[in-house]
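Here is how the chains run, residue by residue.
Number of protein chains: 2
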Amino acid sequence: MSSMKSLTSRQSEILSFISEVISNEGMPPTRKEIALKFGFKSANSAEEHLKALVKKGYIDLRCGTSRGISIKKSFSGIPIVGSVAAGSPLLAVENVEERIEFNGNIFSDSVDYFLRVKGDSMQEVGIVEGDLIAINKRREVKPGDIVVARINDDVTVKTLFYLDKKKVVLRPENKNYEDIEIDPSIERFDIEGKCLGVLRNYN
Amino acid sequence: MSSMKSLTSRQSEILSFISEVISNEGMPPTRKEIALKFGFKSANSAEEHLKALVKKGYIDLRCGTSRGISIKKSFSGIPIVGSVAAGSPLLAVENVEERIEFNGNIFSDSVDYFLRVKGDSMQEVGIVEGDLIAINKRREVKPGDIVVARINDDVTVKTLFYLDKKKVVLRPENKNYEDIEIDPSIERFDIEGKCLGVLRNYN
DNA sequence: TTTCATACTGGACATTTATACAGTATAAGA
DNA sequence: TCTTATACTGTATAAATGTCCAGTATGAAA
Numbered sequence: 000m001s002s003m004k005s006l007t008s009r010q011s012e013i014l015s016f017i018s019e020v021i022s023n024e025g026m027p028p029t030r031k032e033i034a035l036k037f038g039f040k041s042a043n044s045a046e047e048h049l050k051a052l053v054k055k056g057y058i059d060l061r062c063g064t065s066r067g068i069s070i071k072k073s074f075s076g077i078p079i080v081g082s083v084a085a086g087s088p089l090l091a092v093e094n095v096e097e098r099i100e101f102n103g104n105i106f107s108d109s110v111d112y113f114l115r116v117k118g119d120s121m122q123e124v125g126i127v128e129g130d131l132i133a134i135n136k137r138r139e140v141k142p143g144d145i146v147v148a149r150i151n152d153d154v155t156v157k158t159l160f161y162l163d164k165k166k167v168v169l170r171p172e173n174k175n176y177e178d179i180e181i182d183p184s185i186e187r188f189d190i191e192g193k194c195l196g197v198l199r200n201y202n
Numbered sequence: 000m001s002s003m004k005s006l007t008s009r010q011s012e013i014l015s016f017i018s019e020v021i022s023n024e025g026m027p028p029t030r031k032e033i034a035l036k037f038g039f040k041s042a043n044s045a046e047e048h049l050k051a052l053v054k055k056g057y058i059d060l061r062c063g064t065s066r067g068i069s070i071k072k073s074f075s076g077i078p079i080v081g082s083v084a085a086g087s088p089l090l091a092v093e094n095v096e097e098r099i100e101f102n103g104n105i106f107s108d109s110v111d112y113f114l115r116v117k118g119d120s121m122q123e124v125g126i127v128e129g130d131l132i133a134i135n136k137r138r139e140v141k142p143g144d145i146v147v148a149r150i151n152d153d154v155t156v157k158t159l160f161y162l163d164k165k166k167v168v169l170r171p172e173n174k175n176y177e178d179i180e181i182d183p184s185i186e187r188f189d190i191e192g193k194c195l196g197v198l199r200n201y202n
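Sequence lines, in order, name chains W and Z. So the first sequence is numbered by numbering that gives the first Met the number 0: it starts at 0 and just counts up by one. So the second sequence is numbered by numbering that gives the first Met the number 0: it starts at 0 and just counts up by one.
Since the hints were made in silico from the structure, they are not lab data. Incorrect hints may appear among the rest.
Chain copies aren't distinguished; within one or between two, either way the pair holds.
Said to hold, decoys possible - Straight-line distance between alpha carbons at most 30 Å, and here's what the computed DSS-like set of lysine-lysine pairs gives:
#, residue 1, residue 2
1, K55, K174
2, K31, K165
3, K50, K31
4, K72, K136
5, K174, K36
6, K54, K141
7, K72, K31
8, K36, K72
9, K54, K40
10, K117, K174
11, K31, K71
12, K166, K4
13, K55, K71
14, K174, K72
Work the whole structure out from these sequences, hints included.
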C-alpha cells in the first residue's frame, strides 16, 4: 500500500475517467468509449493504458467480458482521514486510515474525504467523537458553514462565525469552549474545506 | 409513483438480479448472463423480460450498448421514511418521502430504510431533528441498541434499556425526558428494527 | 371466443467489444 | 548505447452482445 507504483498523468486521467463513468453511467466504459473521450483514433490506445493500470495494480480486467473493468478496492472509494500529523497535508498517505465505498447523491456536493472527529467541541450540533464528517475541499466558505481549518499546524473543525482579511472567528458548538479568534496576517490560517454532512456507524 | 404497474414474480426476480449484479460486479448483466442465472436456454427470454420491465417503467435500456441496463432512480435506492401515519407499516407508500442512492460498506448491516428523526429526545448521543437514521429491520435487539419501536400506534426511536416478556424500558437520550416503561402483555409493542447509524446532510 | 400478456425455445445476424499484432515516435534508465 | 516504458495509429478478427423473427404454451381479460 505504501509503495504504490506511480501513474503517469495520462494513466491517472484514464483511471479517473473510468471511475467517473462507473458512477455516472452505472457501468465501466468500453475501450472504444475511452478512446472517444481522449480522442484516440484506435481503441488499442485505451487497451494499452488499461494493461498499464493492471500491471501497476490499480484495476482488474475480466478477460472476454465487455466492460469488464473493476477498480481495485484499495484505490477506489473515499479516504477517511484520521489523526492529522502536524503540518502534513490532510490527504497524505500517513493520515488516511481507511477508504470506504460510497456512491450516492446523499450530500449536496462531492465528498473529497471523510474526517474522523476528535473531541466534543461540536457536540451541541450533533457532531460527536468518532463521527465521520464529509468534507468538500474548497477555500470559499461563508459564515454559518461548518469548516475544516488549519491554524498554524493544527487542523480543527468549527463553525465559521466571522471572516475578513484581518480577523477570523471560529465558534465551537459547546458552551464549555470559547470562540477562537485569529489574525490571518499574523498566524498561518487556511480553510481546508467545508463540512457537507455527518456519517456515524454504531457497532 | 403511487399507481405503479405491478411486476410478475418472474419480472421481480429479474429486477432483483440486475440490482444484485450491479452492486456485486460493478456492472449490469448481459442477456446471456441473465439467461444463465435463471436457466433460460435462450437469451431472448431475458430480452423479453427486460422489455417488460422497460414497458412497466422499472428500467431503461440503452440500445446497441452492451450491459446497457439502468434501474430507474425512482425504484432503486433506499427509501426515506418521513412521518409515519398512525398504525401504518413504516414502508407504506404514503410514508416514503424520497429515495436515495446509497451503495457502500458503510454500515455494519444492510440498510432497509432511513428514518427521518423528529424531536430532540436523542440529542445527547448526537441524533438531532432532521437526521436520517439507517435502520435494519429485525426483531432481535439487545440492551444498549438504539431501536425503532412501535408502542400501540406510535413509532419511536430510543435506546433499549431493558427487555423481557413482562417489561420493556426505552430510554431517551435527553435529561429532559423520562424512561418509557411498557408492559407488552398489556400494550401493543413491537421492535421494528435497529439503528445502524446516522446520516446528516447540511445545506 | 378472440385477444393480449406472460414465459419460454431456437435461430439468425449485425454490431459491439476485447484483444492481438505490426508499426511510429519520444523520453527515461541502465 | 541499447533497452524499456510510454503513447499513440492502423488493421484484423474471434467472441460477446443486442436484438429481431418465428414458434409453442398458458392463463387472464375483453
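Consistency of the hints with the structure:
| no. | hint | result |
| --- | --- | --- |
| 1 | K55 <-> K174 | neither (51 Å within a copy, 56 Å between copies) |
| 2 | K31 <-> K165 | neither (54 Å within a copy, 66 Å between copies) |
| 3 | K50 <-> K31 | both (15 Å within a copy, 26 Å between copies) |
| 4 | K72 <-> K136 | both (23 Å within a copy, 28 Å between copies) |
| 5 | K174 <-> K36 | neither (53 Å within a copy, 59 Å between copies) |
| 6 | K54 <-> K141 | neither (45 Å within a copy, 47 Å between copies) |
| 7 | K72 <-> K31 | both (24 Å within a copy, 27 Å between copies) |
| 8 | K36 <-> K72 | both (24 Å within a copy, 26 Å between copies) |
| 9 | K54 <-> K40 | within (23 Å within a copy, 38 Å between copies) |
| 10 | K117 <-> K174 | both (17 Å within a copy, 24 Å between copies) |
| 11 | K31 <-> K71 | both (22 Å within a copy, 26 Å between copies) |
| 12 | K166 <-> K4 | neither (44 Å within a copy, 60 Å between copies) |
| 13 | K55 <-> K71 | within (11 Å within a copy, 36 Å between copies) |
| 14 | K174 <-> K72 | neither (41 Å within a copy, 43 Å between copies) |
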